[in-house]
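S.K.: Place chain B on chain A using the hints.
Which chain is which? The protein sequence lines are A and B, in order. Counting from 1, one number per residue, gives the positions in the first sequence under my numbering. Counting from 1, one number per residue, gives the positions in the second sequence under my numbering.
Simulated from the structure, these hints should not be mistaken for lab results.
Sample of chain A residues facing chain B (criterion: CB under 10 Å; computed from the structure):
| # | residue |
| --- | --- |
| 1 | Val11 |
| 2 | Thr18 |
| 3 | Arg19 |
| 4 | Phe21 |
| 5 | Val34 |
| 6 | Gly37 |
| 7 | Phe40 |
| 8 | Val42 |
| 9 | Ala44 |
| 10 | Ala265 |
| 11 | Glu272 |
| 12 | Pro309 |
| 13 | Ala310 |
| 14 | Leu312 |
| 15 | Val317 |
Reference excerpt, derived from the structure (chain A facing chain B, CB under 8 Å, subset only):
| # | residue |
| --- | --- |
| 16 | Leu7 |
| 17 | Val10 |
| 18 | Leu14 |
| 19 | Gly33 |
| 20 | Leu261 |
| 21 | Ala308 |
| 22 | Ala316 |
Listed next, with one range per pair, are the computed distances between beta-carbon atoms:
| # | chain 1 | residue 1 | chain 2 | residue 2 | range |
| --- | --- | --- | --- | --- | --- |
| 23 | A | Gly76 | B | Glu154 | 42 to 52 Å |
| 24 | A | Ile232 | B | Thr326 | 34 to 44 Å |
| 25 | A | Gly76 | B | Leu300 | 24 to 34 Å |
Idealized CB from N, CA, C, for every residue including glycine.
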Amino acid sequence: MIRSALLLAVVVVLMASTRSFLPGAAGVGPDAGVALGFGFLVLAAVQTGNLFAGARLPRLTGYLLCGLVMGPDVGGLLTPAMVTDLRLVSGVAIGLIALTAGSELNLRALRPRLRSVLLISLCALPLALAACTLLAWGLAPHLPFLAPLVGSQRWTAALTLGVILASLSPAVAIAILTETASAGPLSEVTLGVVVLADLFVIVLFTSVSALGASVFGGAGGAGLSPFTSLAIEIFGSAAVGVLVALALAAVHRYARGHLALFILAACVVTAEVGARLHLDALLICLTAGVLLENALGVGGAAISRALAPAALPIFAVFFALAGARLNLHDLRTLWPVALAFTVARAAALMGGARLGATLARAEPVVGRWGPLGMIPQAGVSVGLAELVARHHPSWGVGVRGLVLAVVTVNQLVGPVLLRLALTRAGEVGRREGDAPEH
Amino acid sequence: MTPRARSRWAWIALVGALAGLALPPPALGQPLDAGTLHAAARPAHEADDAGAASDPGDASSGAPLLDASAANARAASADAAVSPGSRAPPTPSLRRRSTGSVARVTLGLFALLALVILGGSPAVRAFERRAGLTMVIGSGLPFLLLGVVARRPEVGILDDATLRDLTPVLEFGLAWIGFRVGADFDVRAMDRWPRGTARVMGAESACAFLVVVVVMGLALQAGLHPVNAVRNALILGACAAVSAPTGVRAMEAAGLLPAGPARDLRRVAALDDVAGVLVLGLVTSAFRPAGVGAWVLPPLGWLFLQLGMGVVHGALLVSAVRVARTANERFALTLGAIAFSAGMAGYVGFSPLVVGAVAGVVVANLPSAAEAGGLISAARHRAFERPIFMSFFVVTGALWDPTNRVGWALVPVYVTARLMGKLLGLRAARAAAAELAVASAPPPSPPPAEGAPAPVRVGVSVRAAWMALMPTSAVSIAVIVSVRALYPTVLSGALETVVILGALFAELAFRASLSLAGGKAPEGADLGALPIEHEALDTPSAPPPPPPSPGTEPPP
Numbered sequence: 001m002i003r004s005a006l007l008l009a010v011v012v013v014l015m016a017s018t019r020s021f022l023p024g025a026a027g028v029g030p031d032a033g034v035a036l037g038f039g040f041l042v043l044a045a046v047q048t049g050n051l052f053a054g055a056r057l058p059r060l061t062g063y064l065l066c067g068l069v070m071g072p073d074v075g076g077l078l079t080p081a082m083v084t085d086l087r088l089v090s091g092v093a094i095g096l097i098a099l100t101a102g103s104e105l106n107l108r109a110l111r112p113r114l115r116s117v118l119l120i121s122l123c124a125l126p127l128a129l130a131a132c133t134l135l136a137w138g139l140a141p142h143l144p145f146l147a148p149l150v151g152s153q154r155w156t157a158a159l160t161l162g163v164i165l166a167s168l169s170p171a172v173a174i175a176i177l178t179e180t181a182s183a184g185p186l187s188e189v190t191l192g193v194v195v196l197a198d199l200f201v202i203v204l205f206t207s208v209s210a211l212g213a214s215v216f217g218g219a220g221g222a223g224l225s226p227f228t229s230l231a232i233e234i235f236g237s238a239a240v241g242v243l244v245a246l247a248l249a250a251v252h253r254y255a256r257g258h259l260a261l262f263i264l265a266a267c268v269v270t271a272e273v274g275a276r277l278h279l280d281a282l283l284i285c286l287t288a289g290v291l292l293e294n295a296l297g298v299g300g301a302a303i304s305r306a307l308a309p310a311a312l313p314i315f316a317v318f319f320a321l322a323g324a325r326l327n328l329h330d331l332r333t334l335w336p337v338a339l340a341f342t343v344a345r346a347a348a349l350m351g352g353a354r355l356g357a358t359l360a361r362a363e364p365v366v367g368r369w370g371p372l373g374m375i376p377q378a379g380v381s382v383g384l385a386e387l388v389a390r391h392h393p394s395w396g397v398g399v400r401g402l403v404l405a406v407v408t409v410n411q412l413v414g415p416v417l418l419r420l421a422l423t424r425a426g427e428v429g430r431r432e433g434d435a436p437e438h
Numbered sequence: 001m002t003p004r005a006r007s008r009w010a011w012i013a014l015v016g017a018l019a020g021l022a023l024p025p026p027a028l029g030q031p032l033d034a035g036t037l038h039a040a041a042r043p044a045h046e047a048d049d050a051g052a053a054s055d056p057g058d059a060s061s062g063a064p065l066l067d068a069s070a071a072n073a074r075a076a077s078a079d080a081a082v083s084p085g086s087r088a089p090p091t092p093s094l095r096r097r098s099t100g101s102v103a104r105v106t107l108g109l110f111a112l113l114a115l116v117i118l119g120g121s122p123a124v125r126a127f128e129r130r131a132g133l134t135m136v137i138g139s140g141l142p143f144l145l146l147g148v149v150a151r152r153p154e155v156g157i158l159d160d161a162t163l164r165d166l167t168p169v170l171e172f173g174l175a176w177i178g179f180r181v182g183a184d185f186d187v188r189a190m191d192r193w194p195r196g197t198a199r200v201m202g203a204e205s206a207c208a209f210l211v212v213v214v215v216m217g218l219a220l221q222a223g224l225h226p227v228n229a230v231r232n233a234l235i236l237g238a239c240a241a242v243s244a245p246t247g248v249r250a251m252e253a254a255g256l257l258p259a260g261p262a263r264d265l266r267r268v269a270a271l272d273d274v275a276g277v278l279v280l281g282l283v284t285s286a287f288r289p290a291g292v293g294a295w296v297l298p299p300l301g302w303l304f305l306q307l308g309m310g311v312v313h314g315a316l317l318v319s320a321v322r323v324a325r326t327a328n329e330r331f332a333l334t335l336g337a338i339a340f341s342a343g344m345a346g347y348v349g350f351s352p353l354v355v356g357a358v359a360g361v362v363v364a365n366l367p368s369a370a371e372a373g374g375l376i377s378a379a380r381h382r383a384f385e386r387p388i389f390m391s392f393f394v395v396t397g398a399l400w401d402p403t404n405r406v407g408w409a410l411v412p413v414y415v416t417a418r419l420m421g422k423l424l425g426l427r428a429a430r431a432a433a434a435e436l437a438v439a440s441a442p443p444p445s446p447p448p449a450e451g452a453p454a455p456v457r458v459g460v461s462v463r464a465a466w467m468a469l470m471p472t473s474a475v476s477i478a479v480i481v482s483v484r485a486l487y488p489t490v491l492s493g494a495l496e497t498v499v500i501l502g503a504l505f506a507e508l509a510f511r512a513s514l515s516l517a518g519g520k521a522p523e524g525a526d527l528g529a530l531p532i533e534h535e536a537l538d539t540p541s542a543p544p545p546p547p548p549s550p551g552t553e554p555p556p
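Next comes chain A alone, as it looks inside the complex (with noise of 0.2 Å):
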């Protein structure tokens, strides 16, 4: 730990001293603010996550720490420009997690548990999404971006921001379950809860954000209603994710060798080409991950294996970036409001999530710890949260930033409590051929 501590003053005091040459600028050389901050983040987080886990909590959340401590609302050594550069780092690694995620879901294995997964979802989402929009829609008067709406536009503002708060982390999820080599009921529902809840957000959001344009007028984009917005995002990220698998699977078969390179550059392609075509980077390799383990032969484990030595650092600079976004000055101002949301949240997913367990009669590990694998919020909600403010700029800036608000309290707290459940049911580095990384 002392090392990791030296090591990490030394690259900070580094970093000062560079950015003390062209404070507030990107440097010198066209790329080297992105060259800069990706190599520092790496540094950094990288041993940040070591000291965390020194003191027995999730690495993830010292990435997380490393990048809000260090970002520009704080420390101010990564400028917003880099983060912002960054951001094919970000995509890459949202892909890597979904294909992560789909390939350790066997469909198989799950089946016994999906009666859990599933009741567990349609308890907690609806429970959740209820609290939040009645929330909402009971503190509009107080809430400047609300209290000027009237009738059913502040229910379907409030039903907005619901929706958008309902939303779990697959990404934090994953991380952590990889972080920690879990292994159990507990670590095979929460996959299939945070996985299933994605899905359900997103198609929800999709239908208030047309019930949003009948009520407001002028949204939408391309053109197209939201519904056939919907039925591309869905169906053609399912199909790219076809596509990715059997382009993997082949890879698998003829050139092994060379998989973790081909993953990263399907990746790359995703994130590059997906978003600009309004495709989910997410569904798209969430699917190819599901196919390459359930009917392609992939292992997860291959995939695991392959991707070992790429994965930390993206991860680690990914968590560190979703860190530096968080936005300490929205939580400042409206953190009476956030934490209100944080626990009406926190309640009703939690109450939801047992409830669901009860009617499932899953094991008893999965009621009694899986609520607190629920809390993890991220990257879904803040994108959704944008594109909120993006079309009704009149009260979505302000609904983003309460969604950030909540999600800067989520993020921090909800790795803590997952590695807290996993630990507390004894699932934490069962996973075959794999320990905990601490």
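M.R.: Only chain B this time, still in chain A's reference frame:
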């Protein structure tokens, strides 16, 4: 078709393709303007070079000209681009495209990456050997060409937005190449080399450097591009000084060089990469962009800072790898340390190539040779290294403007000056060391003094050694890419054209010379991979080094 014929056709196709790309002059300037991406992220300090663009020599290049106001406007837009919240969104070109076009781009990008990945696989390299294409592929030039083609508007695989996302590969690739160059500079291994190796290397690279600096300096000063002529001539000299070991390998495989002298010449070729990097370090220290940054230092101060930065990064790399507890963490931290050094160097206006090279020297010369070797091999993650090099060439090609006519005009002068410089240098080395045999046949080797390292015996004619050192090292391309990033002007585009085409023509000249000399590489001969991927300089087959004897002077 024999491998030899296939190789010849491959070279013809390569040159034809390049010429074809260079021919249509008019509208290509806009989409292929290599400066656009770089200049779009430039601060205002490059106005010093902007004046160079007003030179009439560029007026015919077809590339958009820069004047001072344009440079400032770009700088202003660049400042806007990096300011919080005002970053320009990616070019939405894909949104305007048809479904077929999008599918083509998607598949093309994937195919491009697949080619980059497969380019490093043993199976492909075995195919290259069987097909006699090793030198063509190994030069890296086909991947460069691939980048040029992928950037063409009618192909459109690498559009502005994609390229902007991929350009950090350049910075990272430069630092990685620098690290590889520096890591070859192990003083302990060099102590075991034949005496005089450094002298031969110094003479041949220094003469090539000086001749090119003088000739190109005069050519530039005479009217082609008088602004910053000294700096630009020095840069071209640095690019001319370096030789690739592929020529030596090819001649050895063709039976034109005996094994011993070939090994010595490979060492010379590996060592002279350092000379090019050193000159680049001096140039980037002496020619600082005026008024940029909060630090004010004299040129020697900048040089000291640049070297110090490299040393610090070497130490950081060693510390980071020592802290790592797993192989994956070691790889992550190596990657991070090299990216950090690349970014730090670029941020203050140094070349990542130089900083990376100094870091490599530090790592290679750790007190524990075993630890140094372990660190270097850990850094050379084979599965990822070659794709990084290939990606570097692809992005370099995509940013290169092959239509720069000033560059084309300067190529013959540059190539001739370089070859003459190499020839003069080898003659000077023979005169100075008196160890370069004049005869074509290798002379009987005299027994070395007991306990002393054998003196270098190139053992071949000056002509054969000259021929072997004709091909240009890919480090020259790294040098010019580095310069391009630091001084992104129209003139740098011309320099880039000179160096890239110079490398191509040097290869062609070598192939022609090899044919004329009657050499024929045996089928399946492994001529190595990329010129930057040196084989181990002290191969296991090399005879064990004699014990050092510091008091013994080399025989005259």
